[in-house]
Amino acid sequence: MTTMPEIMSDTQLQGYTDEQKYQVFNKEFMPHIDSMYNFAFRLTMDEDDANDLVQDTYLKAFRFISSFEQGTNAKAWLFRILKNSFINDYRKKSKEPAKVDYQDVETTYNSDEASETEHTTDLRFETVQDMIGDEVASALNSLPVDFRTVIILCDIEGFTYEEMAKILDIPIGTVRSRLHRARNLLKDKLKEYAASMGYNKNDD
Amino acid sequence: MSGTLHSSTTVGVEGRQATAPMKESCEHQAECLKRIQSILDGGATEEEKEHFKQHIDICKPCIDMYHLEKCIKEALQGKVEKKCCPDKIAAAIRSEITK
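Just so you know, the sequences run in chain order A and B.
At position 137 of the first sequence (counting the first as 1) the number is 137 in the working numbering, and the numbers step up by one without a gap.
At position 60 of the second sequence (counting the first as 1) the number is 60 in the working numbering, and the numbers step up by one without a gap.
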């Protein structure tokens, strides 16, 4: 394989010397390793798979380092490779229901305004404030992976809509609507969770 | 970037006195929710920001939505554990590329 289709194709190949390659790798790629690991873990939900995914991604990034232009957005570039490796190599063997038909899920959660309006009602912010991290994390983990992904990228990693569009290879409009739907799903899960834990009672 | 936007909208929500009577129901909730999310994400257009400034103080359901969305975002950012990469993985990567 001489090219890497998942890397932004509009960049010119950089003529790095070996020494420059190591320098770019250490200065621009390695500082993101914890964020990359966290992303890998939240995608695979398995420590061994996350280890392998991060390692594969960094080795791939080094192999194709000439496609990376120094000083540009290394974090988004790396996240894009990780996301593609996940889809191509890990999703198949993951324990999730085989390739969730998210078109189907998206349709369900985008059907009509009425159903969207329902989501905005009775989860109270005080309830969310009372929850601990593990409870919020399990609500997040229960979302189908495509929805989980946009929330991780936006809310946990702080990527802009434009960066997310590049990482996920989808238009900005789709980023926004997928996020919107992901958050409606997340609120449903938080609400269910709150109800099962006896939070959110109207007794204050 | 989102810092400056954030502080000005917070003043709008919590500080300013509303002059018009407070709306108890909102007929555009789905639209408003999308706009609120764009504002909190720092990805709102000028038009969305302007609309938000004009309306956020006078609509109770929108104020509630704003607080809930903000709170969920903060919980995701601040409360969910961030896993760190094990040192042995970083070491394995470094040794692999220098082979």
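One or more of the hints may lead you astray.
[Claimed, not checked] In silico DSS-like pairs for lysine-lysine, Cα to Cα no more than 30 Å straight-line:
{"hint": "1", "chain 1": "B", "residue 1": "K99", "chain 2": "A", "residue 2": "K187"}
{"hint": "2", "chain 1": "A", "residue 1": "K166", "chain 2": "B", "residue 2": "K23"}
{"hint": "3", "chain 1": "A", "residue 1": "K27", "chain 2": "B", "residue 2": "K70"}
{"hint": "4", "chain 1": "B", "residue 1": "K70", "chain 2": "A", "residue 2": "K60"}
{"hint": "5", "chain 1": "B", "residue 1": "K83", "chain 2": "A", "residue 2": "K187"}
{"hint": "6", "chain 1": "A", "residue 1": "K21", "chain 2": "B", "residue 2": "K34"}
{"hint": "7", "chain 1": "A", "residue 1": "K191", "chain 2": "B", "residue 2": "K99"}
{"hint": "8", "chain 1": "B", "residue 1": "K83", "chain 2": "A", "residue 2": "K191"}
{"hint": "9", "chain 1": "B", "residue 1": "K53", "chain 2": "B", "residue 2": "K73"}
{"hint": "10", "chain 1": "A", "residue 1": "K75", "chain 2": "B", "residue 2": "K49"}
{"hint": "11", "chain 1": "A", "residue 1": "K83", "chain 2": "B", "residue 2": "K70"}
{"hint": "12", "chain 1": "A", "residue 1": "K166", "chain 2": "A", "residue 2": "K75"}
{"hint": "13", "chain 1": "B", "residue 1": "K49", "chain 2": "B", "residue 2": "K83"}
{"hint": "14", "chain 1": "B", "residue 1": "K60", "chain 2": "B", "residue 2": "K79"}
{"hint": "15", "chain 1": "A", "residue 1": "K21", "chain 2": "A", "residue 2": "K166"}
{"hint": "16", "chain 1": "B", "residue 1": "K73", "chain 2": "B", "residue 2": "K49"}
{"hint": "17", "chain 1": "B", "residue 1": "K34", "chain 2": "A", "residue 2": "K83"}
{"hint": "18", "chain 1": "A", "residue 1": "K191", "chain 2": "B", "residue 2": "K23"}
{"hint": "19", "chain 1": "B", "residue 1": "K82", "chain 2": "B", "residue 2": "K70"}
{"hint": "20", "chain 1": "A", "residue 1": "K27", "chain 2": "B", "residue 2": "K60"}
{"hint": "21", "chain 1": "A", "residue 1": "K21", "chain 2": "B", "residue 2": "K83"}
{"hint": "22", "chain 1": "B", "residue 1": "K23", "chain 2": "A", "residue 2": "K83"}
{"hint": "23", "chain 1": "B", "residue 1": "K99", "chain 2": "A", "residue 2": "K75"}
{"hint": "24", "chain 1": "B", "residue 1": "K73", "chain 2": "A", "residue 2": "K75"}
Read the hints as simulated data drawn from the structure, not as lab findings.
No experiment lies behind these values; they were computed from the predicted model shown.
So, going through the hints one by one against the coordinates:
At roughly 48 Å between alpha-carbon atoms, K99/B and K187/A are farther apart than 30 Å, so this suggested pair is violated. A C-alpha spacing of about 39 Å is found between K166/A and K23/B, which places the hinted pair above 30 Å, so the restraint is violated. Among the hinted pairs, K27/A with K70/B is inconsistent with the structure: their alpha-carbon atoms are about 34 Å apart, more than 30 Å. Between K70/B and K60/A the CA atoms are separated by roughly 37 Å; this puts the pair beyond 30 Å, and the hint is violated.
Taking the CA atoms of K83/B and K187/A, the gap is near 23 Å; set against the 30 Å cutoff, the hint holds. Between K21/A and K34/B the alpha-carbon distance is near 43 Å, which puts this suggested pair outside the 30 Å criterion. Among the hinted pairs, K191/A with K99/B is inconsistent with the structure: their alpha-carbon atoms are about 51 Å apart, more than 30 Å. Taking the CA atoms of K83/B and K191/A, the gap is near 25 Å; set against the 30 Å cutoff, the hint holds.
Taking the CA atoms of K53/B and K73/B, the gap is near 20 Å; set against the 30 Å cutoff, the hint holds. Taking the CA atoms of K75/A and K49/B, the gap is about 28 Å. The hint holds against a cut of 30 Å. For the proposed pair K83/A and K70/B, the alpha carbon gap of about 27 Å is at most 30 Å, so the pair holds. With a CA separation close to 12 Å, the supplied pair K166/A and K75/A stays within the 30 Å bound.
For the hint pairing K49/B with K83/B, the CA-to-CA distance comes to about 35 Å; that exceeds 30 Å, so the pair is violated. A distance of roughly 27 Å separates the Cα atoms of K60/B and K79/B; the hinted pair therefore holds under the 30 Å criterion. At roughly 24 Å between alpha-carbon atoms, K21/A and K166/A fall within 30 Å of each other, so this suggested pair holds. With a CA separation close to 19 Å, the supplied pair K73/B and K49/B stays within the 30 Å bound.
Restraint check for K34/B and K83/A: the C-alpha separation of about 26 Å stays at or below 30 Å, so the hint holds. The straight-line distance between the Cα atoms of K191/A and K23/B is roughly 25 Å, inside the 30 Å bound, and the hint therefore holds. For the hint linking K82/B to K70/B, the alpha-carbon distance of about 19 Å falls within 30 Å, and the restraint holds. Distance hint between K27/A and K60/B is unfulfilled; the C-alpha atoms sit about 49 Å from each other, more than 30 Å.
Using a Cα cut-off of 30 Å, the hinted pair K21/A and K83/B holds, with the two alpha carbons roughly 28 Å apart. Our distance criterion of 30 Å between C-alpha atoms is broken by K23/B and K83/A, whose separation comes to about 44 Å. Distance hint between K99/B and K75/A is fulfilled; the C-alpha atoms sit about 25 Å from each other, no more than 30 Å. Distance hint between K73/B and K75/A is fulfilled; the C-alpha atoms sit about 21 Å from each other, no more than 30 Å.
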